[in-house]
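J.: So you can see what is in the structure, the chains are spelled out below.
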Amino acid sequence: MKNIWYVAKKEIKTYFTSPIAYVVIAVFLVLVGFFFYSAIWWFNSQSIQMSQNPYYYQQANINQMVYAPLFHNMSIILLLVIPLLTMRLFSEEKKIGTDELLYTSPISVGQIILGKYLAALVVLASMLLLTGLLSVFTFAFGNPELPQILNGYLGLFLMGAAFIGVGIFFSSLTENQIVSAVLTFGALLLFWILNWASYSASGMWKGVLDYLSFFQHFDDLTRGILDTSDLVYYLSFAFFGLFLTHSVLQSRRWR
Amino acid sequence: MIEVEHLTKKYGDLVAVRDLSFKVDKGMIWGLLGPNAAGKTTTMRILTGYLPATEGKATVCGFDVFDQPNEVKRIIGYLPETVPLYPEMTVSDYLDFVAAIKKVPSARRKKAFDLAVETSGLEKVRKRLIKNISRGYKQRVGIAQALIHNPDVLILDEPTIGLDPAQIIEIRQLIKSLKGERTIILSTHILAEVTQTCDGVVIINEGKLMASGSLEELSASIRKKEGVTIRLRRAGDEAASILREIPGVEKVSRQNGEFAVEWSQGKDLREAIAKLAVEKDWGLLEMRPVAMNIEDLYLRVVSGGIET
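Top to bottom, those sequences are chains A and B.
With the numbering used here applied, the first sequence corresponds to residues 642 to 896, in that order.
With the numbering used here applied, the second sequence corresponds to residues 2 to 309, in that order.
One chain only, chain B, in its complex shape (with noise of 0.2 Å):
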């Protein structure tokens, strides 16, 4: 359904993606998770249209965005980071306004208009000017004017950013309804939205894909490693290279004092890590093991500690 190809965005000298490359199937829900300035938001402009890729390919339903520029955006609702709102027009103004620019044929732009309306909740404020309604309902139109001309592809860039707790809550009820025969990419840095909403994830960070998959798959390759993070009084680089030749241990970082040394599924090395550190007299201090999930997953990503 979407397809990226080597994408890689230069503006001068700033390289904001980097050779990316990941695939969304029909009707799943993307997330597209990084910390800020990860390439998120250019990722997304070019997927539109807006901006064109400096080198690499993409594909939305098998049209390339750059050769095919008005097909794709016909098929492409796209819910920019700030929204793009007219604060002088009233909601039902400004939606008739973007039903007839995307396109919707006039005989069906009142049912659309309806729809969109009804999907997003705007019912209360369709006659107020858009600059006079809350943070909340401005995204509501910003849903809303994504949808009108009923797209195939939804593309959603940090949905949620600026709400409270409740229509955050909302928003993303809203987003998993919409989810079926649309496919829906979304870019946030809340790890908890991509759990929550997502099927699958595209983790990117300065530019560069980090990891990508269902959210399942991901799992499951995290679940296959096991370690632990000890804290040692008296130890310096040697030891991890010390660690590094038990038998079994696949790798050892070290981070902030700590050493995290990790192993795949189904040993165990906790007392033959101990036994090495009483016999050298490192002054063994914790040892705790390290919970793998995600959310890990997305830290150490972010801070650079991990190597996909």
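Pulled out of the complex, with its shape left as it was, chain A reads as follows (with noise of 0.2 Å):
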């Protein structure tokens, strides 16, 4: 457990060494920033017209006119931004020859990946916890309900988590920073249109690809439903990548 540390800590100040989580995470921010001003925006000149019938006025919800579709712009810039935090975390080991410090020490290389993993995390968790100051607004001037923004947080961070796991898993495979980010984007961007392919299946593919897809899982979640078999998903996908990932290192054992 203590490896883990050792390495995520390194991992994390790394990360905040260089540019790499400044920059992502202030992109990240500005493009947050301005969709949420744009939905603000949008639900304010809705509500407005709105306000005309009372019984429209019953309907306008800050929930799900400003906060599902904030959730899935979210969604997409984390797909754009996460292969760029993944793609250093082993490509760049292998590149400069800090990986034979690695392999040579006592740690184990399970103890690696998960320490490589929680640091990725912790990026995460810090971008989307800074996003969290925009809710200070429509706390201020509305009256959101709580658990249902939280869901949708816990779905972004299960998201992220799950796409963390596929960008180890490429980075793992190359020394190149650029190919390993490009292999994760184009992994996720398939993931998450999976289920157009759905419209036109039917039967069973129809549901494995429903099944398969990131939007699907995530849509429940921005609505306030929290479904077992969602967070199953994530966390399965994330496992999947990180046990692809362990598998790959480890194959550097083979006699």
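These are calculated hints, taken from the structure and not from any lab test.
Virtual Cβ for every residue (Gly too), placed ideally from N, Cα, C.
Computed list of lysine-lysine pairs in BS3-like fashion (alpha-carbon distance at most 30 Å, straight line):
no., chain 1, residue 1, chain 2, residue 2
1, A, Lys650, B, Lys132
2, B, Lys104, B, Lys177
3, B, Lys132, A, Lys643
4, A, Lys650, B, Lys128
Computed list of chain B residues with no C-beta within reach of chain A, every gap over 10 Å:
no., residue
5, Thr60
6, Asp153
7, Leu219
8, Pro248
9, Asn257
10, Glu263
11, Ile274
12, Leu277
13, Val279
Put the two chains together into one complex, using the hints given.
T.: Written out as structure tokens, the structure reads:
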């Protein structure tokens, strides 16, 4: 356990001494801020129109009209920035030769992977926490429902965790960071849009494609529905990524 | 202390190390000498548990490097050919990290850190980022990370490569000062490094063992032989077999148009050779004694002119 923490601490330090974490977090926040602003602006104009009619006015819901689309936009931005966070994790070690230090130290490959995974999760969590500042305004001037918002954040975190699992796997495959990022991005996008194919599929395939798609599982979470099957999906996705990474790195030890 | 038995490593069809066996005793500094691409780095990577051997066995302090990698990793300090440094860390952060993953107990970590910094002479740069320090200091940081967990065995892959002459001398002195409790293997393609710092040597070429032993043993076995190199104006291939017929001659080889004739110590066949050359009308142009020392041995090993 301690070993995992040692590796994580080193990775977190590297994230924050190099500009990577700052740039990724800043870009993420600027984009989220922009989407938040436009969602609020739209909600505002809709509310004014709705206030003409008491019935519709009842329907105006900040969770549905601001947070749900915002979470969807945030998930797309995550899809774009997570590959940039994970691309260096193993690629760089291989490129500059520091993997030789790690693999000749008395710590296991599993501990190294989990340490790096943990570090990326910390950056993801800080990114999401900082967007929490936006909610200060909605709570000050409106009455959104907190559990539903937290549910959305949980969804984003789990999805990010799954993305990082995929990213780490591709990073372990190559010593070129660009290749690692492009492969991660391609794989994530493919899993995202997999449910498009399900429109034309039928029977079992439709179910399979729907289940595999990132999008389908995220939709529930933004609407405030916490379904264990979605949790299981994201966690198993992350686990599978880490498992493949372990196999790739361990194959070095095959005779 | 370190035993390598019939080690073979193949990368696909390429054989990097071929049936290599040698032994290093406790408290010795041994050099792994060979030209580039001789299999030195591969051998060291196998010893440190970075790579598995295709065949054969290697043990360090009685632990098998393949079956008990964690025990071996705890007692080995390793400086790879490319020093494994994180450019964005400061020297002290880096050494702290290495101490942690090398399982130095936290109570002893401060002391281990101070000792490694002092031994490697890093006092001046400990607060600086690794990417901003000079090549010589980087090499020192590499040695400090290999030393930080006070290992019984040190494996140094080309520790002086890329350094200026003054730095080379400093690093060699540093390595010599580490001798004593520790067993050290260093690899190099420079012979002087071996004769100046090592007690023994393993010479390899193209993955094969060419010679091994302590420096005294090797020089003694070389001194047993004497020989001359002769240059002849008119002599074909048949000259070699005729020379071989002189009583006492043990070996004749032809290199670059010259013949090397060897015999056992105590005889002197120079006169007989000269006489034969005159009788056969070969046109003897030059005859010079072969100075047999480790340098010759190494050069001949590397150029493929020796069988052991």
